[in-house]
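**Q** The listed protein sequences derive, respectively, from chains H and A. Throughout the first sequence, residue numbering follows my numbering, covering 800 to 1219 in sequence. Throughout the second sequence, residue numbering follows my numbering, covering 279 to 582 in sequence.
Don't read these hints as lab results, they were simulated from the structure. Any given hint could turn out to be false.
Okay, the calculated beta carbon distance ranges per label pair [unchecked claim]:
no., chain 1, residue 1, chain 2, residue 2, range
1, H, Ala-1042, A, Lys-481, 34 to 42 Å
2, H, Gly-1020, A, Asp-488, 56 to 64 Å
3, A, Arg-423, H, Tyr-1181, 57 to 65 Å
4, A, Arg-502, H, Asp-1043, 42 to 50 Å
Under the rule of at most 30 Å between Cα atoms (straight-line distance), these lysine-lysine pairs were calculated in the DSS-like manner [as the list claims (entries may be wrong)]:
no., chain 1, residue 1, chain 2, residue 2
5, H, Lys-1200, H, Lys-1186
6, A, Lys-286, H, Lys-1061
7, A, Lys-478, H, Lys-983
Note that CB positions come from ideal geometry on N, CA and C, so glycine has one too.
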Amino acid sequence: MRIALKNGTVVTDKLSVCNLIIDNGKITEITDEVPQTDKEIDCSGKIIVPGLIDMHTHLREPGQEYKETLLSGSEAAVAGGVTTLCCMANANPVTDDSALAAWIVKRGKEIGLADILPYACVTKGMAGKELTEMGILLQSGVCGFSDDGKPIISGEVMRRALEYSKYFGSYIACHEEEPTLSDKGVMHEGAVSANCGLRGIPTEAESVMIARDIELARLTGGRAHICHVSGSRSVELIRRGKADGINITSEVTPNHLTLTDKACADYDTASKVNPPLRAETDRQTLIAALKDGVIDCVASDHAPHHKDDKFMEYDHAAFGMLGLQLLIPLLTAQIHAGAYNWVDFARFTSENPAKILGLTNKGRLNKGFDADITVIDPVTEYIYDEKVNRSKSVNTPFWGKTLKGRAVLTIKNGKTVFEI
Amino acid sequence: MKNFLSTKDLTKEEILNIFDLADTFRELNTRGVKKAPALAGKTVINLFFENSTRTRTSFEIAEKRLSADSINFSVAVSSAQKGETLIDTVHNLESMKADIFVIRHECSGAVKFVADNTPVPVINAGDGLNEHPTQSMLDIYTIRRAKNRLEGLNVTIMGDISHSRVARSNIWAMKTMGMNVRLFGPPTVMPNDVTSFGCKICKNIDEALDDADALIILRIQRERQGELLIPSAREYARFFGVMPHHFVKMKKDSLILHPGPINRGVEISSHAADSDKSAILEQVENGVAIRMAILCMVDKGIKA
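This is chain A alone, in the form it adopts within the complex (with noise of 0.2 Å):
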C-alpha cells in the first residue's frame, strides 16, 4: 500500500497480514535490544495539525525501534500558524526528502487531501472526525488476542459517536472482520442519520453491556464538544459511564478498551479501568507495534 488512509477499503485479509507482521514486533519489543533496521536511513516525518501526546509518541517509539530518523513537526511551532498553507507544508517538507509522513489533522478528509497532492507515502493518525484507522487496528488486535477469534464477537462501541474518529474507524473494520457492532451513547451525540452505519442502535445502558464480548469506551471530550451536548459528567456518569454495578450484568469475559485518555469516574469508573477486563494498557503496548507493521507495510509499497 502505498498510503494507510482508512479502514474502509480493508480487506479481512489485509487486516490479518497487519496483525501477523504486528505480532513478531510485539515480540521484538519484549526484547532487551528493541531495535529491527526495517527503515534504517528512511526520514519518517511526524506532521501533527492537532495535539496529541500518546498517538504521537506511539508512532514515535515505532519508527525508533524501525530504526528510521523521525522527526516531529508540530502545529504550535510550524507555519500553520504564519498563514502557509497545508500544501504548501507539506511540499518543503518533501524538499527535505522525507519518506513517510505520518499526519494527524483537525479537519476531516485532511489528511487524504495530502496524499492526493504528494508522492510520499502517508499514514493516517486521525482526520478531525472522520477516521483514526492505526487506532482500529490495535483495538481489534487486543481483541483478537484476547479471544483468539473475530468473527461473531459482539461489541459496543459506547460514548460521543458524532464526533468520534476512533469509532468510525472502528464500525468499518470490524465489520469486515465480520464483528456484530452496536452502538450506544446519549441521542446528543448520536449522527442524525445513524442506522446508515448498519449497526445496531442499544436504547440503554443495559442493551449496550448485554451479551458483550467487548466495549470500547469512547473518551468524553467536554473540552472540545461544549457543554450543550453532554450536561455535565455526573449527569454522563449516571446514565452513560460503565460502573461497578454493571459488572453483575456483564459477560464474565468480556474486554472494556478505550482509546485513552481515560476520564474515571466519567465515561469509566476505575473499578472498570482497573478490574481484569480492562485492556487499556494492552492496546497502548499493541498500538506500537502496529504502526511498526504498518510504517514497514506502506514504506515497502507491499499489500498490506
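In isolation and in its complexed conformation, chain H is listed as follows (with noise of 0.2 Å):
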C-alpha cells in the first residue's frame, strides 16, 4: 500500500512542508507534488521525525511481569513515538545467555509494534566476574552488551569487556557509579540533600568511573557508551575524551534534561532515580552538552516500578522513572523553550541512536529507509493521566501533569502501530 502523509512538517536536515510517501515499508520520495496513493493522512501542523530509536528502557520481562511486559512496554513505546528499543539486561533473569536474547527478539517480533533489541550482560549473573559469550549472543540478535542498573567496579573486567567487544565491532553500555561513593545515598548530594537530610550521591561517584573507563577505551580502543549522564563534570571529562580521540558515546534521558535535586525535596519518592536529578547547574551543563554533541543522543532509561516499590520510605523505594511516553514532550519544552529545533530533535532521538547501534536503514527520513515514522503534534495540552500512559506503571514525577508534545501517530516499517 501506498501512503501519503500529506503537508506535514518533514524534519531531515531542515524542515520542509511537503509529502512524505510511503510505500512498502519504505520511503519511497519525500516530494512538494502529490503523488497517486492509496490512502493520504493530512499532518497539517504536525512534526514529521525518523521513529524514535531509545537506546535505554528496562521492559522488567521475565521476572518482573507486575511492572512492564515486553507488550505493555512496546505499547508504551510507539505510544512514545518510539518504533525501535533496545532493553537493558537487569531483569530476572539477567539476558547473559543467547537462549533469552533470542526470545526476546523474537517476542518483539510477535508483538509487531517496536524492534526490540535486547542488551546482553557484560559479564555472567552480572556478577562483574567472566565475560559472556558475546560472539554468540551478538548472534542470537542482542545490540550491545551492558551491566547496567550495576557498575562493572573491576577495572581489570571493564577493561577486557572493552577488548573483546571490540573484536566483533560491539560495544559497551557503561552504568558509570563508583559504589562506595554512592553508599547509602538516595538523591543528588548538595545543598537540597543537606537541607532534607536525605543521603546523598556525590557527582563524583559517577565522574571516577567515567574517568577510569575513558582511559580503559583508551588503552583497548574499545567503545564505550556512557549511559545516563547526570553531572558537569562528567561532561567535562567526555568532551575530553573526545577532544582526545577516544571511542566514546553517550546518552541523556529527558529527565535529567528537565528536572532537578528540588524534586527531591519533599520526599516524593517519584523523584528517586539512579544517577539521581542533579543541581541546575548540572542541568544547564546537559542541555548545553547535548546541544553541542559532547552528548550524543537522549535514552529514557524507562524504568517502570509498582507502586508496591514505590509507596514507602524515601530511602527504601525503588530507584527508576518512567521515560517511554516522555521523550516527546520533555523534548518539545526544550524546543519551545528555545533550547533545540526539530532537525536537532531528530538527530538526538533517532539519527545518532541508529549511528551507535549501527542500524543502516533507520535514523533518517531517506529515500530508501525503513518507513519508521513518528508524527507529533507539538502544541496541544494534554494531561498524563491512565487515558494517556500505556506503561503498566505509573512511577514519574508527570503523573498527573500537563504536558504539550505528543506522538499522534506511529508508523512502524509502513504500518501504523499507534494513533490517536
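The two chains are supplied separately, each in an independent frame; assemble them into the complex guided by the hints.
**A** This is the structure in C-alpha cells:
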C-alpha cells in the first residue's frame, strides 16, 4: 500500500512542509507533488520525524511482569513515538544467555509494534567477574553489552570487556557509579540533600568511573557508551575524551534534562532515580552538552516500578522513573524554550542512536530507508494520566501534569502501530 | 495545627505560643498532683521504629500528665519485622481509633509520609537525619528561660552536623527566632553544601566558643556512623570536644546544652557537663512541658 503523509513539517537536515510517501514499508519519496496513493493522511501542523530509537529501557520481562512486560513496554514505546528500543539486561533472569536473548527478539517480532533489541550482560549473571559469550549473543540478536543497573566495579573486567567486544565491532554501555561513593545515598548530594536530610550521592560517584572508563577505552581502543550522564564533571570528562579521539559516546535522559534535585525536597519517591536528579547547574550543562554534541543522544532509561515498590519511605523506595512517553513532551518543552530545534530533536532521538547501534536503514527520513515514522503534535496540551499512559506503571513526577508534545501517529515498517 | 512535623515553617509567633503554653505545664509539673485533663479519653500511640528511651519516656510522661491513654508501639515487637509496610501498620493502628501518633523513624521524610497518608494528627519524634522538632523547641525554650531573650544571641551547634536531626531543626527554628547560628565540627561530618544553611562555619573550636551565648553539643554516635568519619574518641575530644581549659575563653554566662545521652570525656568533659553553665538536666525537665504543649495544640488542631 502506498501512503502519503500530506502537508506535515518533514524533518531532515532542514524543515520542509511537503508530502512524505511510504510504499511497501519504505520511504519512497519526499516531494512537493501530490502523487497517486492508496491513502492520504493529513499532517498539517504536525512534525514528521524519523521514528524514535530509544537506546535505554527496562521492560522487566522476564521476572517482574507486574511492573512491565515486553508487550506493555512496546505499547508505551509506540505511544511515545518510539519505533526501536533497546532493553537492558537486568531482568530476572538476566540476559546473559543466547536463548533468552533470541526469545526477547522473537517476542518483540510477535508483538510487532517496535523493534526490541536486547542488551546482553557484560558479565555472566551480571556478577562483574566473567565475560559473557559476546560473539554468540550478538548472533542471537543483541545490540550491545551492559550490566546497567550495576556498575562494573573491577577495572580489569571493564578493560577485558572493552577489548573483547571490540573484536566483534560491538561496545559496552556503561552504568557509571563508584559504589563506595554512592553508598547509601538516595539523591544528589548538595544543598537540597543537606536541607532535607536525605543521604546524598556525590556527582563524583559518576565522574570518577567515567574517568576510569575513558582511560580504559583509550588503552583498549574499545568503544564505551556512557549511559544516563547526570553531572557537569562527567560532561567535562567526556568532552576531553572525545577531543582526545577516544571512542566514546553518551546519552542523557529527558528526566535529567528537565528536573533537578529540588524535586526530591518533599520526599516524593517518584523523584528517586539513579543516577539522581542533579543540581540546576548540572541540568544546564547537560542541555548545552547535548546541543554541542558532547552528549550524542537522548535515551529514556524507562524504569517502570509498581506502586508497591514506590509507596514507602524514600530510603527504601526503588530507583527509577518512566521515560518512554516522556521523550517527546520533555524535548518539545526544550524546543519551545529555545534550547533545540526539530532537526536537533531528530538527531538526538533517532539519527545518533542509529549510528551508535549501527542500524543502517533507520535514523533519518531518507528515500529508501525503513518507514519508521513518528508524527508529532507539538502544541496541543494534555494531561499525563491513565488515559494517556500505556505502561503498566505510573512512577513519574509528571503523573497528572499537563504536557505539550505528543505522538499522534506512529508508523513502523509502513504500518500504523499507534494513532490518536 | 494538624501535625507537628518540622520547625521549617513555624513562625516566631507560633513558637512563642508553644513556649507560653509550656510555661503553664512547667508549673503544673512542680505540683504534688501533676495531672491535667486536657487529653482525657484520648489515645496517643507512640510509634517508635527506631530505638529511643529518653524521647519516648518524655512523651509518655507528657501524655500521662495530660490524662491521655498512651500506648507504646516499638519496632522490636511490631509487624514491621514481619514485612508489613509502614502505611499498613499505620492504617491498622488508625482502625483502633488512635487520636494522635507520635512517630520516630530511621528514614528522613518517613514521618511526613505517614502524616500525608493518615487522618490522625502526627507529631514527629525524630525522622532519620532530617528533623527532631520537639527537641529543638525544648532547646530554644531552655535558652530563653536562662537568657530572657533570643534575638541576637550567638549559638554554636557543635559536632556531627551531617547526621544530626537536632541540628537541622534547631538551625531552622533559631534563625526564625533571630539567633545567630554558627556550626562547628570535623569536616567529615559537615554537609558538602553546608553554606546553604546560611550559618557561619567555625574554623576551629576557639571560633566556635568565641562570644557564644549557648552551645548545643551534639552526641557523637560512632556506633552508628562507623569509625571512618571520626578516627577515635580521644582524637575527637582533643580537637572537637568542650574541655575544662576552654572555660577561660568562654563567656561567663554561656550555656551548655546537649540532647543526650552524653559521652563524658568525648564531646563534652565532665567538668563542662556538671558545671553551672550546663543546662542539660533542665532541658530534660523542659522537654516534658514542651511536649505537653505540643500534644495539646495538635489535639485541639489550633494554630500554635
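**Q** Check each numbered hint from earlier against the structure, then list the numbers of those it violates in ascending order.
**A** none
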